[in-house]
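The listed protein sequences derive, respectively, from chains W and H.
Residues in the first sequence are numbered from -15 upward in steps of one, following this note's numbering.
Residues in the second sequence are numbered from 251 upward in steps of one, following this note's numbering.
The set of hints was computed from the structure by calculation and includes no laboratory data.
You may find that some hints are simply not true.
[As the list claims (entries may be wrong)] Derived SDA-like pairs: lysine to any residue, alpha-carbon spacing no greater than 20 angstroms straight-line:
hint, chain 1, residue 1, chain 2, residue 2
1, W, K73, H, K373
2, W, K107, H, I296
3, H, K456, H, E426
4, W, K38, W, A145
5, W, K71, W, W153
6, H, K255, W, T152
7, W, K75, H, V276
8, W, K33, W, L174
9, W, K233, W, T152
10, W, K233, H, W362
11, W, K24, H, K456
12, W, K71, H, K255
13, H, K255, W, P193
14, W, K71, W, N81
15, W, K159, W, A145
16, W, K159, W, Y140
17, W, K71, H, L265
18, H, K427, W, P(-9)
19, W, K71, W, Y164
20, H, K373, W, S17
Each chain is listed here by its residues.
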Amino acid sequence: MKKSRFPLYITIAILVFFYLPIIIVFAQSFNASRFGGAWKGFTFDWYWKLFSDKNIWHALTNTLIIAVSSTFVSVILGTIAAFALYKYKTKLQVSHNVLIYFPLVIPDILMGISLLLFFVSLKIGLGLLTIFLAHVTFSISYVAMVVLGRFQDFDYSIMEAALDLGATWWTAVRKIMIPYLMPGIAAGGLLAFTLSLDDFVITFFVSGPDSTTLPLYIYSMMRHGSPSVINALSVLMVAFTFIVVFISKKLLEAKE
Amino acid sequence: MHNSKPRKNEFLLTLPSMGWLMIFFVIPTLLVIAMAFRNSDPYGGIGDQWTFNTIRDLRNPNYPSIIWRTLWLSVVSTIICIVTAIPASYFISRISKKFQDIILLLIIVPFWINFLIRIFAWKVFLHPEGLFKQILVTLHIAGPDTLLLYRPEAVLVVIVYSYLPFALLPIYAAAEKFDFHLMEAAYDLGANRFQAFLRVYIPGIKMGLLTAIIVVFIPALGSYVIPDIVGGPSSEMIGNKIAQRTFIDRNLPHASALSALLTFAVILPAAIALTRKFFKEKNSRSIGI
């Protein structure tokens, strides 16, 4: 039977759909005209305007503080959770599993409003601390799922062998289990880190006056600032993402 | 193994994540539902009386149309995502492993870009003075006064754009495991292409489809940023109303009542999916996979 070409066309259409708006943004960031109905010449102006904006650097610092700290805590909590889910098959773990799953499916806005109410009720001032707590909350589940995936192929009898040979439990964890899980822990950590960098909705609900993060700042620029400057910022962020992905790929390849 | 030590160890290993999620996820979610029964105080805080008035206020004449719009936008965008993801993932799963990896990478790469910026790209793309609009006008598809932005269709397109990869990946994962010899067997037994597709292929990737529906439909229901940026007042969804009640009117109980409504709309499909998942895991365990 002759193969239908329809699936091929759909795939091509999807890829065009995915890239078209991004390509327009790239072109626009160098266009002297604001909305790009016409090409009014090549310019770096938008980039210079971007670099002279002091608030961006402040927002970037906040974003990185939160991303690093929330990744650190959620990697520890998520890995321990994955270990419990892997090791024990009890009723407690079934509810543990459900509890880990729910934050993955709940829409951001619900997590945002519920945490806002929680902090307001406890009279905790909104700021970097509340953003950090919120980011850990949504990252734990992602880390736990990724690390659990790595656990699926882990042979626990190696741990028992080490214990029989006289290793303490903690030595066996450190020398056998953690090295084995490392790619999963790194992948989970990278995911938590990017989710934290990227999050707008939840952060928007739990942030205070002086805790603007980069996504919050981008949002206020979208509302009040020049669209061309955001185009330039977008290009830089995309370039940065590519560099990070490229480096992490190289690192993983070097290890293998 | 029935002494108390393993139980204590299990408890200690479960406590950190479970405790954290209890405090910062379960309690706040229950709090939202409780706050829907509180009155608001004039200073933007939460009043100290229990009341049904907040729930009654949901009968605001604007709400039925907003709830209806939220539902149809979510349902239609889920259908579009599934209907395009099925043939695409079929195609991807049938090409060589090398090309599969390239296309998957091409699908994932745009989604490394910040969520806000991806939505903003659509605002630039659909802008009244933008290139795309001019092309449409030149081709006489759109008139010079046609507005591409700030309408429910724009919200629909951007929701599809944002969540299509989440539909593609699980359906592809299911298609990749599908044994395509079954299709040939169906042809040999006299099925035409359409019948084989509908009665052999679709049931074969059922779990992937179910995951795809959940991961598109639920976030779509909670959309807030997308209608906020590319939609106008005529394209608001429940998420926008929650944010307005929270930040503009500072009426937290009212925002809670709306959120409680959305929570129930979300928990229902999620609960169904989770139960199905556990049954599936139980079955696969019992046959020794």
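Hint check:
1. W:K73 / H:K373: Violated. W:K73 to H:K373 sits at ~49 angstroms, over the 20 angstroms cutoff.
2. W:K107 / H:I296: holds, 12 angstroms
3. H:K456 / H:E426: The given pair, whose Cα atoms are some 13 angstroms apart, holds under the 20 angstroms limit.
4. W:K38 / W:A145: violated, 58 angstroms
5. W:K71 / W:W153: holds, 14 angstroms
6. H:K255 / W:T152: holds, 16 angstroms
7. W:K75 / H:V276: Judged against 20 angstroms, a Cα distance of about 18 angstroms means the pair holds.
8. W:K33 / W:L174: Outside the cut-off at roughly 31 angstroms; violated.
9. W:K233 / W:T152: violated, 35 angstroms
10. W:K233 / H:W362: holds, 14 angstroms
11. W:K24 / H:K456: violated, 51 angstroms
12. W:K71 / H:K255: holds, 14 angstroms
13. H:K255 / W:P193: Given pair H:K255, W:P193 is violated - Cα atoms ~48 angstroms apart, limit 20 angstroms.
14. W:K71 / W:N81: Holds: W:K71 and W:N81 sit about 13 angstroms apart, inside 20 angstroms.
15. W:K159 / W:A145: holds, 13 angstroms
16. W:K159 / W:Y140: holds, 13 angstroms
17. W:K71 / H:L265: holds, 14 angstroms
18. H:K427 / W:P(-9): At roughly 18 angstroms apart (the allowed maximum being 20 angstroms), W:P(-9) and H:K427 satisfy the hint.
19. W:K71 / W:Y164: Holds: W:K71 and W:Y164 sit about 15 angstroms apart, inside 20 angstroms.
20. H:K373 / W:S17: holds, 16 angstroms
The structure is inconsistent with the numbered hints 1, 4, 8, 9, 11 and 13, although it conforms to all the rest.
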